[in-house]
Structures are given as structure tokens and as C-alpha cells.
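A.B. asks: Next come the chains, spelled out residue by residue.
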Amino acid sequence: MYNTKMLTPEDMAERGEDFNDVLDDWFIESLKTYKDLHVYQLEHPTQVIEWTSGKTVCVAGYSSSKNEILELQLPLKLFADENKGLCAERDFKVVHGGFTDGPVRCLRHVPGTRCVVTNDGLTSDLQVWTVGGDDSDVIRRTGSVAGRKRRRTDSEGGSRIAARCSTQVLHGAQSDDIQLTHLTSGQILYTPEITSSDPLSSLQFVSDDVFLAGCCNGNIYLTDTRTSASPQLSPAPASPGESVLWWTDAAAGVSSGSVVRLSSSGRAVISDLRNLGAAVSQAQLSVQSRRCNPDDVTVSWAPALPGCIAVSGFSGVVQIYNTSVWGVELQEVQPLFGHRGHAVSSLPEEGDVFITSHAWHPERPRTLLSAASDGSVHVWDWVDQSASDR
Amino acid sequence: MTCIKLIFSRRPRLKVGRLLGAALTSRRCLHDEQVTRESSALPIIHHSKYVCDLPLNHRFPMGKFPRVLHFLIKDQVITEKQVWVPEIASKELLSCVHTEEYLNNFINGKINEQEQRRTGFPWSEGIVRRCRYETGGTVLAAEVALQRGLACSTAGGTHHAFPSFGSGFCLLNDLAVAAKYLMGISSHKRKILIVDLDVHQGDGTAFIFKEEPSVFTFSVHCGKNFPLRKQQSDLDISVEDGMEDKEYLSTVETHLPLLLETFRPDLVLYDAGVDPHWEDELGRLRLTDQGLYQRDLYVMKTVVSRGVPIAAVIGGGYSRDIDRLALRHSILHRAATQVWRDCGM
Chain H
1 MYNTKMLTPE DMAERGEDFN DVLDDWFIES LKTYKDLHVY QLEHPTQVIE
51 WTSGKTVCVA GYSSSKNEIL ELQLPLKLFA DENKGLCAER DFKVVHGGFT
101 DGPVRCLRHV PGTRCVVTND GLTSDLQVWT VGGDDSDVIR RTGSVAGRKR
151 RRTDSEGGSR IAARCSTQVL HGAQSDDIQL THLTSGQILY TPEITSSDPL
201 SSLQFVSDDV FLAGCCNGNI YLTDTRTSAS PQLSPAPASP GESVLWWTDA
251 AAGVSSGSVV RLSSSGRAVI SDLRNLGAAV SQAQLSVQSR RCNPDDVTVS
301 WAPALPGCIA VSGFSGVVQI YNTSVWGVEL QEVQPLFGHR GHAVSSLPEE
351 GDVFITSHAW HPERPRTLLS AASDGSVHVW DWVDQSASDR
Chain C
1 MTCIKLIFSR RPRLKVGRLL GAALTSRRCL HDEQVTRESS ALPIIHHSKY
51 VCDLPLNHRF PMGKFPRVLH FLIKDQVITE KQVWVPEIAS KELLSCVHTE
101 EYLNNFINGK INEQEQRRTG FPWSEGIVRR CRYETGGTVL AAEVALQRGL
151 ACSTAGGTHH AFPSFGSGFC LLNDLAVAAK YLMGISSHKR KILIVDLDVH
201 QGDGTAFIFK EEPSVFTFSV HCGKNFPLRK QQSDLDISVE DGMEDKEYLS
251 TVETHLPLLL ETFRPDLVLY DAGVDPHWED ELGRLRLTDQ GLYQRDLYVM
301 KTVVSRGVPI AAVIGGGYSR DIDRLALRHS ILHRAATQVW RDCGM
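Chains as they are written, first to last, in my numbering: chain H, 1 to 390; chain C, 1 to 345.
Bear in mind the hints are in silico, worked out from the structure with no lab data behind them. One or more hints might be untrue.
From the structure, some residues in chain H lie toward chain C, with a derived Cβ separation under 7 Å [stated by the list, open to error]: (1) Glu10; (2) Glu14; (3) Glu17; (4) Asn20; (5) Asp21; (6) Val22; (7) Asp24; (8) Trp26; (9) Ile28; (10) Leu31.
Since this is a predicted model, take the numbers as computed values, not measurements. All residues carry an ideal CB built from backbone N, CA and C; glycine is no exception.
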């Protein structure tokens with residue numbers, strides 16, 4: 001027989017006090033480790049963070065039925081570099097909002113427009129939304145793009161989406177159903193000649209005409225839309241005995257030309273876009289490997305910090321690694337920085353919190369956004385305390 | 001209410017203040033209430049060692065202390081002749097509030113990593129020294145206030161320090177030490193009112209005097225600011241984010257006169273933190289420069305016009321622009337100068 005203890009109001013108060021104490025400790029520490037840190041609480045967690053301008057991002061819920069899709073403006077104080085004291089706006093602001101009929105598993109902004117495109121992970125169709133316009137604060141559904149395949153199973157990830165110009169969208173859930181579609185007419189403009197059906201973990205343009213499709217099994221297809229030739233296949237790095245998932249990111253900013261592949265066991269391999277078969281360097285990251293879904297993990301190159309990547313999804317921490325110090329031999333490496341804010345500030349009774357998504361600011365070198373499974377959204381500008389600080 | 005005009009006799013001015021009685025309790029304090037006050041200007045307590053070096057880019061605006069004095073002199077609000085220089089607070093003086101163990105560890109550099117993290121400061125001999133001078137400054141300000149009616153330090157307000165640990169940029173509780181010391185050296189037990197208008201709750205001070213009937217702790221703070229784990233002052237007023245000048249002043253006006261009337265303190269210690277200002281990086285209120293000035297003027301005038309001495313410290317303020325911050329802190333001394341004039345001190 002167990003002696004179940006009834007929690008008295010005093011116990012509850014004490015637990016709350018202890019938690020407040022933890023938050024106070026974290027606050028003092030954050031003064032040293034961040035140049036800026038702002039937190040926001042969504043009613044429901046988001047799995048997507050997508051920049052729609054230098055100061056705004058779109059987020060959306062992923063529960064099975066109706067969800068909110070929101071455009072948030074970041075605290076203006078963050079951007080007031082010269083006169084931080086003069087800017088009182090320290091809170092996130094909801095500037096536009098709407099409702100979806102299903103979960104949002106992927107969300108992309110169409111450059112040069114006020115449109116975003118989403119996928120619910122249930123079918124390969126895309127929903128097209130217009131954000132605001134005409135003094136409206138509503139995000140409303142204004143179209144759709146039909147995908148080739150229909151119903152998905154739960155274990156497969158949804159469609160990946162990429163947009164390079166204002167009239168076309170690249171999308172697909174597997175390597176054999178990728179298509180470049182005209183946004184308004186729905187006309188299919190291009191499909192790569194790929195026969196194998198590998199679920200995708202990423203889809204991104206590396207130039208106006210070339211895109212990279214990263215598969216969950218670690219294969220990468222590099223496709224040039226100007227030629228009719230088959231895409232170049234670069235198989236996954238050898239990982240004997242392990243059944244792992246892989247995520248890929250191709251750098252677009254200062255590290256342009258580099259590609260990172262990250263496995264669910266925490267192994268990261270760096271290659272050059274012109275020679276994907278060869279590993280330039282690799283490392284074993286300090287992550288807790290866990291049973292992951294394709295949507296869980298995000299790896300991304302910093303647009304403005306040479307050689308740096310951010311990794312999230314293995315835990316409640318977002319980690320920054322400096323890949324330029326990695327070697328050819330597989331070795332364990334420590335992160336340059338870890339953002340622990342979500343983990344620290346989540347209530348103990350909510351269980352372990354996980355980072356659902358992160359995104360680098362397109363220009364500010366050390367500014368990132370991160371979202372977690374408890375609905376928290378943080379924007380942070382971290383202090384690089386390493387010896388080689390400029 | 002008209003201000004009481006105090007009559008002074010002419011005497012050569014003392015330039016250097018002394019913390020008498022601190023080391024040897026048997027020695028008679030020179031500055032007891034029987035000494036006639038001399039004609040002089042508002043006493044300003046300052047020490048060049050209020051500062052120490054901090055690691056590059058440390059968030060604590062250490063540079064503000066000398067800049068406060070700099071602007072007051074530059075703007076001809078005060079002259080150097082008004083400046084009183086404190087002595088360093090002795091271990092014995094500090095032990096009236098802090099534990100023996102903490103003081104030993106603190107002075108000898110044995111504070112562990114975790115404890116250091118909570119304070120926000122890496123330990124150094126410099127930080128120990130500056131904290132002790134700062135505390136000495138607050139004690140001197142209180143002593144001089146008893147003699148002259150009003151005195152201001154260019155530092156002070158380290159209200160998050162507890163008897164056995166530091167927290168939130170506070171390593172020693174200067175207000176508590178000053179209160180305890182002045183309670184102890186009087187023939188009757190002095191009653192001391194601590195008015196803490198820093199935007200963060202004076203949790204350390206509240207804790208230290210929780211069971212002490214002769215010290216009344218009054219704190220107006222923003223509920224959502226650090227510390228989230230609150231202590232219990234004798235009177236806590238927790239205000240909402242974004243409060244502005246008018247409502248804030250009204251809040252102070254609601255409580256201060258009543259406290260003076262019912263508690264009848266022999267001395268008021270005033271923490272005039274500027275972090276309720278809208279530009280403050282950490283505070284979540286929206287006071288303006290004018291609001292801070294009105295606040296300080298109101299507090300000091302209300303106390304002085306009742307014939308109660310008041311010593312003020314600058315309290316907290318956080319900004320990466322040190323000069324702007326120092327100017328904001330100097331509002332206190334400008335208001336005090338106005339009070340000194342208006343009340344014929």
C-alpha cells in the first residue's frame with residue numbers, strides 16, 4: 001500500500017516559491033549571457049517560425065483540429081541598438097491572425113509578397129494565405145496548391161516547402177513527388193527525374209535555379225531546374241548498424257557553399273555543395289539522442305556568423321556549434337552556446353519541454369528565435385564569451 | 001505644511017566624515033544630537049572607491065557612481081565642499097546584519113561559484129572593497145542626516161543582500177547595516193522607517209527586519225520584476241507593469257504620510273532607485289524624469305517638514321548609457337537641493 005501524501009496549500013506555495021527562485025537565478029544569469037532576451041507565451045505551441053520581414057515572424061499551432069496562425073512583431077527594443085534605453089517596446093505584439101482547419105507542419109513565406117504557404121502533414125496539398133492587407137489584421141486563406149500524392153501516414157513527415165521568387169513554390173513530401181508549381185495557376189512547372197520514394201526532411205533553393213532535397217535517410221538530391229538531366233544523388237554518410245534519421249541544411253549567408261547533415265544520433269557531417277560525397281569535417285554533438293520524428297529536429301547555418309550552426313529538437317536547449325574548428329576524424333564537441341531559457345522556465349509538472357523550432361535572424365549575427373512544446377517563444381541575442389571574442 | 005527653519009551656529013566645516021563608534025562601541029559618538037548644526041549646504045556622501053573594475057561588458061553600470069558626482073558639480077548643483085567621505089565599513093559594523101561565516105567567506109574570497117552566480121558578480125578584492133565603502137557611505141549619510149536633517153549618498157540601496165548571501169548585484173545590505181547601527185547606538189531604541197522605491201522589492205531588507213518592531217520596511221515595486229520570490233515587508237505595494245507618473249505618485253502619497261503619522265520614525269532611510277523609469281532596461285514601469293523628480297521631492301519634503309531626518313541613497317538603475325543613467329540618478333540630489341533650500345536648512 002502506498003502512502004499518498006495530500007499536497008497542502010503550503011506545499012503548493014512552497015513549490016511555487018522554489019520555482020520562482022529558479023526563475024530568479026536564471027534571470028540574474030541571463031543578464032550576463034545575453035545582450036537581449038525577450039519571452040512570449042503562445043496559447044498553443046508552434047512548430048514553425050518563419051520570417052515575413054526583418055521584424056516579424058509567422059507562427060502556427062499543430063493540434064489536430066483548428067489552430068491559430070499568427071504574425072508576431074518582435075519587441076522593438078531588440079532593434080534599437082544605438083539607443084536601447086529610448087525604446088520602451090519590450091513585448092511581442094500580435095499584428096495579424098487567422099484560423100486554420102488543421103495542424104500546420106510547415107510554413108513558408110513567399111518572398112516579395114504578403115503570402116505564406118502551409119502544409120498540414122495530412123495530405124500533400126498546400127494552403128495559401130494572405131497576411132493582412134487593406135487595413136485588415138486578418139490572415140486569411142486565399143488559395144491552395146494541389147500536391148501529387150494524397151493521404152499520408154502518421155509516421156511520414158508532411159510536405160517540405162521552399163519559395164525563391166514571388167510566383168512559384170517548390171514542394172513535396174517524398175523524393176518522387178517534388179514539384180515546382182505556379183502559385184496562382186497551379187500549373188506544374190518542373191518535376192525532377194527521381195524514381196526512389198524517400199521521405200524528405202528538407203527542401204531548399206541554393207540559387208535561383210538549383211535546389212537541394214534532403215531525405216530522412218540521409219540522401220541528398222541536388223537539382224538544376226534548367227536541365228533535364230537527372231538530379232545528382234549524394235548518399236547518406238555511412239552509419240553502420242544504426243537506423244537513423246537525417247536532417248540537412250545548405251548555407252545561404254556567409255558560409256554559402258557548405259552543407260550540414262545531422263543524424264538523430266547526433267552526428268554532424270559537413271560537406272561542400274560542389275562535392276557532397278566527401279566530408280570536409282564532422283563531429284559528434286553533445287545531444288541526448290531520442291526517438292525523433294522528422295519534424296522534431298532543426299539544424300541551420302547562421303546567415304551572418306561564419307561556420308556556425310544551430311541545432312534544436314533533442315531537448316529543451318538550442319545549441320550553437322562552431323563547425324570551423326571541427327576535424328576530419330569523428331570527435332565529440334561542445335557547443336559554443338546553449339540557450340536554456342525554455343527548459344529553465346517550464347513548470348516542472350508540465351514534464352520535459354522540447355524545442356520545436358528555431359530560426360536565425362537574417363542579418364543580426366547572434367540573434368535567434370526559438371519555440372518550445374510548452375508554447376513559449378523566445379528571441380535572444382547571446383554574448384559570445386569565448387576567448388576569441390572580437 | 002511649512003518647513004521648520006533650523007538655526008545654526010557658525011563653526012569651521014568638517015570635511016571628512018567619521019564612522020564613529022563603529023569599531024569601539026565604548027567610544028562616545030562625536031555626532032550625537034547635542035552638537036549644534038553648522039551652516040552648510042546639503043551633505044553629499046561620496047567615495048572614489050565606490051567603483052571597482054569589472055570584466056569587460058559586465059552588465060552592472062559600475063561607472064555611474066563617479067558620473068553622478070561629476071554631473072552634480074558640472075551643473076553647479078553642488079560644490080566639492082559639500083562632499084563627505086566615508087570610511088570603509090569594518091567587519092564588526094557589518095556583523096550587526098551579516099553572519100560571521102558569510103563575512104569571512106566574503107572578505108576572504110571563499111564564496112562558491114553558485115553563490116557568485118546569484119549575485120551577478122564574479123568575486124574580486126575590488127568588489128569587496130567597493131561594497132564596504134558603499135555601505136560605509138550609507139551609514140555616514142544616516143549619521144549626517146541625524147545631525148543636519150538631510151543627506152544623500154551617490155551610491156547605496158543594496159537591498160537584495162541577505163544576512164548570509166548576496167543576490168541581484170547586492171553583496172552587503174547597506175540600508176540594513178545603517179538601520180541596525182543607528183538603532184543600536186542611541187540611548188533609546190531609535191525607530192527607523194525604510195522607504196524603498198526601487199522597482200525591485202527590497203527583499204533582503206524585508207527579511208532582515210521581519211521581526212524587528214523598531215524598523216518599518218515599506219517597499220513599492222513592480223510585481224513582475226525580480227525577485228519573483230518575494231519576501232514580506234511591513235508594507236508591500238506591488239504595482240502593475242506600465243504604471244506612469246501620476247498613478248505612481250498617487251500611490252506613494254496614499255501611504256507615506258500615514259506611515260509617518262502612525263509609526264513616528266526617528267529617521268527615514270530612502271532608497272530612490274531610478275529603475276521605475278520607462279527607459280530602464282530591467283524595470284517594467286513608465287516613469288519620466290519629471291515623475292522621478294516629483295517623487296523624490298515629495299518624499300523628502302514630506303519627511304523633512306515633519307522634522308524627521310532623512311538619508312537618501314541612489315538605488316538601482318540599469319542602462320548601457322552610463323551618462324544618461326548617472327543624470328537620472330542625480331535627479332535625487334537635485335530634488336534634495338531644492339528641499340534644502342525650500343525648508344531653509
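A.B. asks: All hints are to be evaluated individually against the structure, with a verdict given for each.
C.D. replies: To see whether the hints hold, each was checked on the structure:
About 15 Å separates the beta-carbon of glutamate 10/H from the nearest beta-carbon of chain C, more than 7 Å, and the hint is not met. Nearest Cβ of chain C to the Cβ of glutamate 14/H: about 11 Å, over the 7 Å cut. The hint is violated. A distance limit of 7 Å between C-beta atoms decides the matter here; for glutamate 17/H the minimum to chain C is near 5 Å, and the interface restraint holds. Proximity of asparagine 20/H to chain C holds as hinted, the smallest CB-CB distance being about 4 Å (cut-off 7 Å).
A least Cβ separation of about 5 Å between aspartate 21/H and chain C falls short of the 7 Å threshold, and the interface hint therefore holds. Contact between valine 22/H and chain C, as hinted, is not supported at the beta carbon level, the nearest pair being about 9 Å apart and thus beyond 7 Å. The interface hint given for aspartate 24/H is met, as the beta carbon of that residue sits about 5 Å from the closest beta carbon of chain C, less than 7 Å. Hint status for tryptophan 26/H relative to chain C: violated, with the closest Cβ pair at about 10 Å, above 7 Å.
Because the beta carbon of isoleucine 28/H sits about 5 Å from the nearest beta carbon in chain C, less than 7 Å, this interface hint is met. For leucine 31/H, the interface hint holds, since its Cβ comes within 7 Å of a Cβ in chain C; the closest pair sits about 5 Å apart.
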